[in-house]
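If you want the building blocks of each chain, they are given just below.
4 protein chains.
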Amino acid sequence: MEKLSEQILYQVIKNRANDSHKGTYGRVLIIGGTKQFGGAVIMNALAAVNSGAGLVTVATDPINFTAIHSHLPETMVMDFNDDLTHAIQASDVILIGSGLGDRLDIVKHTFSAVFAKQILIVDGSALTLVAEHHLPWPKSRLILTPHQMEWQRLSGVSVEQQSFEAFNILAREKFIQKPIIVLKQFHTQVYTNKGIYELPIGGPYQATGGMGDTLAGIIAGFAAQFLLTPLIDTTLAAVYSHSAIADELAHTQYVTLPTQISAALPRFMKRYAN
Amino acid sequence: MEKLSEQILYQVIKNRANDSHKGTYGRVLIIGGTKQFGGAVIMNALAAVNSGAGLVTVATDPINFTAIHSHLPETMVMDFNDDLTHAIQASDVILIGSGLGDRLDIVKHTFSAVFAKQILIVDGSALTLVAEHHLPWPKSRLILTPHQMEWQRLSGVSVEQQSFEAFNILAREKFIQKPIIVLKQFHTQVYTNKGIYELPIGGPYQATGGMGDTLAGIIAGFAAQFLLTPLIDTTLAAVYSHSAIADELAHTQYVTLPTQISAALPRFMKRYAN
Amino acid sequence: MEKLSEQILYQVIKNRANDSHKGTYGRVLIIGGTKQFGGAVIMNALAAVNSGAGLVTVATDPINFTAIHSHLPETMVMDFNDDLTHAIQASDVILIGSGLGDRLDIVKHTFSAVFAKQILIVDGSALTLVAEHHLPWPKSRLILTPHQMEWQRLSGVSVEQQSFEAFNILAREKFIQKPIIVLKQFHTQVYTNKGIYELPIGGPYQATGGMGDTLAGIIAGFAAQFLLTPLIDTTLAAVYSHSAIADELAHTQYVTLPTQISAALPRFMKRYAN
Amino acid sequence: MEKLSEQILYQVIKNRANDSHKGTYGRVLIIGGTKQFGGAVIMNALAAVNSGAGLVTVATDPINFTAIHSHLPETMVMDFNDDLTHAIQASDVILIGSGLGDRLDIVKHTFSAVFAKQILIVDGSALTLVAEHHLPWPKSRLILTPHQMEWQRLSGVSVEQQSFEAFNILAREKFIQKPIIVLKQFHTQVYTNKGIYELPIGGPYQATGGMGDTLAGIIAGFAAQFLLTPLIDTTLAAVYSHSAIADELAHTQYVTLPTQISAALPRFMKRYAN
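Residue numbers (our numbering), protein chains in the order written: chain A, 1 to 274; chain B, 1 to 274; chain C, 1 to 274; chain D, 1 to 274.
No lab work stands behind these hints: they were computed from the structure. Here the structure is a predicted model, which is why all the values come from computation and not from measurement. Mixed in with the good hints there might be a few duds.
The list treats identical chains as interchangeable, and a pair is accepted whether it falls inside one copy or across any two copies.
No farther apart than 25 angstroms at their CA atoms in a straight line, the calculated lysine to any residue pairs in the SDA-like style are these [stated by the list, open to error]:
no.: 1; residue 1: Lys-22; residue 2: Arg-153
no.: 2; residue 1: Lys-3; residue 2: Arg-16
no.: 3; residue 1: Lys-178; residue 2: Arg-16
no.: 4; residue 1: Lys-22; residue 2: Val-157
no.: 5; residue 1: Lys-174; residue 2: Gln-7
no.: 6; residue 1: Lys-22; residue 2: Glu-248
no.: 7; residue 1: Lys-178; residue 2: Ser-155
no.: 8; residue 1: Lys-35; residue 2: Asp-83
no.: 9; residue 1: Lys-14; residue 2: Ala-244
no.: 10; residue 1: Lys-22; residue 2: Phe-186
no.: 11; residue 1: Lys-139; residue 2: Gln-161
no.: 12; residue 1: Lys-117; residue 2: Gly-23
no.: 13; residue 1: Lys-22; residue 2: Gly-203
no.: 14; residue 1: Lys-22; residue 2: Asp-102
no.: 15; residue 1: Lys-22; residue 2: Gly-101
no.: 16; residue 1: Lys-117; residue 2: Gln-185
no.: 17; residue 1: Lys-174; residue 2: Asp-82
no.: 18; residue 1: Lys-22; residue 2: Ser-155
no.: 19; residue 1: Lys-22; residue 2: Thr-128
no.: 20; residue 1: Lys-139; residue 2: Phe-115
no.: 21; residue 1: Lys-35; residue 2: Asp-79
no.: 22; residue 1: Lys-35; residue 2: Asn-18
no.: 23; residue 1: Lys-178; residue 2: Glu-198
Chain A extracted, bound-state conformation:
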């Protein structure tokens, strides 16, 4: 198991080419946020936009449109009850599941609509729905972001026994492409087909609702804008950034709110750009 260091940030966060435009930095589609859990997609989007994604659209319950735009006029919105096929297929990165509740229909539709070359991040409620309904995984490139209980439901391996072996078994059997699995815990681990990586930073000041939604949004933002970088590296850099910012905030704060981490991204990333 390899320990991550800030070296991964220098590898991934590159100065942008002059001859680029917002299309260069990718289209992100965020799908989530029922009436009750709309905050989750707001946090997804704040993270994706502040990390530098080119264009971000949120497909959600319409009740959430106004709160999203109150935070972020920079995003577009759409009703997740409408047909999402075109929006999905026009995106580089799709993030599904934060605050998605029991909307199995939307997970199924998204899984059937994605192409093999697209990046699909599966978070939160969508992971639980996959586990409960034994949904087959889609053919796309996959990043899963379970916490330990969600991973137990998905893998059938108890929290105590979660290990690289369990991942291998699951990966061999169920996935068309090998996924990247971000197993959220104290010292988060990232399982990939290149090896396992452990995050030596972060702390319990991050133990507050919405922290995972923010992480998923940073992963989406990094994947979209650093499309030519290996996806494992961009994911690792996103995971590292999320906790490194929290660590910095925690020098002066007892808890670190998810929205504060997103707000700190532009300045944080600048320090590593090269």
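Given chain A, work out where chains B, C and D should sit, using these hints.
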């Protein structure tokens, strides 16, 4: 009567264990906010989240959902006209009454649904409804946060004669468990079965609408995350923090707004964590 | 004509008594904000709350509730289509007219409901409605805040000829109590039964939509909380504060937004409190 | 081709006359923002208000009213499905097209309602609709703000061949008055009947959704308040300000958000006012 000092903060605000997650810091359910008084639950929630509660849900009139999420995507929301039984019983701390108006039905239902081990904070309109309708107190652990007129309505003892004796009489007769009573006034007093405590700090710059809603939210946030600390101590620490922050803001401000106090919580708490 | 100086601030902004509560600082009712002009009451309320009013309620079109609470959970809201009699009569200060559009019915009702001892501030659309419909003035204490065109419509005296004489004629004939008239212009003038006062500060960086709504809100906030100070003095102090803050902001800004002036009030007032 | 320098700012940004009021600084009407793209008009309006326009009204889908007022109570709103004739004709500057989607009817109506002396800025979706439906240009003074693909659709000249010649051909044939064309790209070019200007500043940190909506809003704000300055100069100053602020923010940020640029306008402009 014992005078509180910042010593109570050192006793209560402990560094968090590495091996913890948002569930460790408790689930808070806030119930309040009619169409007219939605701001009250926003202030409850800002205080609870910024003080470090693990997960915060607001049950309120749906008209308030968007404003809540505009302030705090970190919270979940639900319609307080729906059946709250499950949400109540899944929570560690329930705060009811800020901006609840005349919703006697919701108070009654909440009082009947809570378990003996849960912490129920009763604030604002809910206190008036209890007094007016002679509602029996529930069997849960109780914290009441009346201002002097609400306490007069509840206890039948006039503002001039409010004293420890009055509290004892009320407590013996009406409560299953001895409550903690936070009697809000200039130099707030906290009545407990261990004694009476007086807050020697705070000032008239706090005399502005919503200040009590913020206090109730801090009490909820502290109770939820410091679940293993005696509830009297966490309540005293919350009361102390609320006014200590106001005092600091008042060095440079003529009035201190409730939302500013919540925003200052993470940095304030950090200074006392040990 | 007397030139105002910051001396008026020292006269009015007094340290608060310890033995005071939010009721001590007055109840303000703001009436305005049709569907199209909701921003006006938001700016009224931001000014009133930040200047230190005890309790602020906004009676407005319900479409504005969420935006108000997004800015200010510290306020209460009500539908201005409901019967406002009780709300009006329970208030110390009523501010009517900012963004009120053509709601003559609401102006009429308010004028008929106020008591002689209450303070009524009439702003914006309400002034135009009074002029157009030759409404009789109510019996309450009155503060009018016209700009020059509104004053021309009200007084029948053209902008070029506006003078103390014109005021005297109008005042003798139409008002039950002598009003205070804040005639907004470059170097705003305040007409009172004690004399005329001129504001020697302020500048064209204030020439932006909403500036008058903010001024009306500060007048309301000062009148409510300094209830025992002569109303002429509190009005003069409010007028002075509004432009003094703008002047300070203008050291570093080309234009000064109304919402920035409100946000600066607590710190500004602290410097003069004595 | 002339390279722009900050000299253009000293030419355009003049200290305001004392004897001026909000009417002096122009009325801006922003038309755009369907249900899905409401953020675009929020960014238009933030830019127009912060750059110093006197009065700003947003005609948009009513779903966007609350989010607009959450950002900017300083603006007025109206339903873009209502008859806009009066609002258009009462404005000094009309900005149409940001997030307007497929609302061809609104473009047509606006084009037919404007007068020859009014300034009409055509952005985003409106440019695409003009190209797709071969709409005749209106008789007003025109500023077009296409990115390269939109310009290709409008002019029929491919991105590779875009040049002054192409502009001349288009201009001769299709426009009643010679328009100003702001061709957005790395080193944006501005085509005018006085010559072509190139912006030597700006960078890829601006490659994020909403950047163009903010530019259009600054152009509108400058055109409205500097009505007596030649429109070419005000447009050039707006284009320069937009990227100069982004460059400054980029010293410490990896990406620069559109809303941050608007927030920085008042301080930026102050440095050049003379």
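Status of the hints after comparison with the structure:
no.: 1; hint: Lys-22 with Arg-153; verdict: between (38 angstroms within a copy, 19 angstroms between copies)
no.: 2; hint: Lys-3 with Arg-16; verdict: between (28 angstroms within a copy, 23 angstroms between copies)
no.: 3; hint: Lys-178 with Arg-16; verdict: neither (29 angstroms within a copy, 36 angstroms between copies)
no.: 4; hint: Lys-22 with Val-157; verdict: between (42 angstroms within a copy, 22 angstroms between copies)
no.: 5; hint: Lys-174 with Gln-7; verdict: neither (33 angstroms within a copy, 56 angstroms between copies)
no.: 6; hint: Lys-22 with Glu-248; verdict: between (29 angstroms within a copy, 19 angstroms between copies)
no.: 7; hint: Lys-178 with Ser-155; verdict: within (14 angstroms within a copy, 47 angstroms between copies)
no.: 8; hint: Lys-35 with Asp-83; verdict: both (18 angstroms within a copy, 16 angstroms between copies)
no.: 9; hint: Lys-14 with Ala-244; verdict: both (18 angstroms within a copy, 22 angstroms between copies)
no.: 10; hint: Lys-22 with Phe-186; verdict: between (35 angstroms within a copy, 11 angstroms between copies)
no.: 11; hint: Lys-139 with Gln-161; verdict: neither (28 angstroms within a copy, 41 angstroms between copies)
no.: 12; hint: Lys-117 with Gly-23; verdict: within (17 angstroms within a copy, 37 angstroms between copies)
no.: 13; hint: Lys-22 with Gly-203; verdict: between (34 angstroms within a copy, 11 angstroms between copies)
no.: 14; hint: Lys-22 with Asp-102; verdict: between (34 angstroms within a copy, 22 angstroms between copies)
no.: 15; hint: Lys-22 with Gly-101; verdict: between (32 angstroms within a copy, 19 angstroms between copies)
no.: 16; hint: Lys-117 with Gln-185; verdict: neither (29 angstroms within a copy, 29 angstroms between copies)
no.: 17; hint: Lys-174 with Asp-82; verdict: neither (29 angstroms within a copy, 39 angstroms between copies)
no.: 18; hint: Lys-22 with Ser-155; verdict: between (38 angstroms within a copy, 22 angstroms between copies)
no.: 19; hint: Lys-22 with Thr-128; verdict: between (34 angstroms within a copy, 18 angstroms between copies)
no.: 20; hint: Lys-139 with Phe-115; verdict: within (7 angstroms within a copy, 48 angstroms between copies)
no.: 21; hint: Lys-35 with Asp-79; verdict: both (12 angstroms within a copy, 10 angstroms between copies)
no.: 22; hint: Lys-35 with Asn-18; verdict: neither (41 angstroms within a copy, 33 angstroms between copies)
no.: 23; hint: Lys-178 with Glu-198; verdict: within (19 angstroms within a copy, 48 angstroms between copies)
Consistency with the previously given hints fails for numbers 3, 5, 11, 16, 17 and 22, ordered from lowest to highest.
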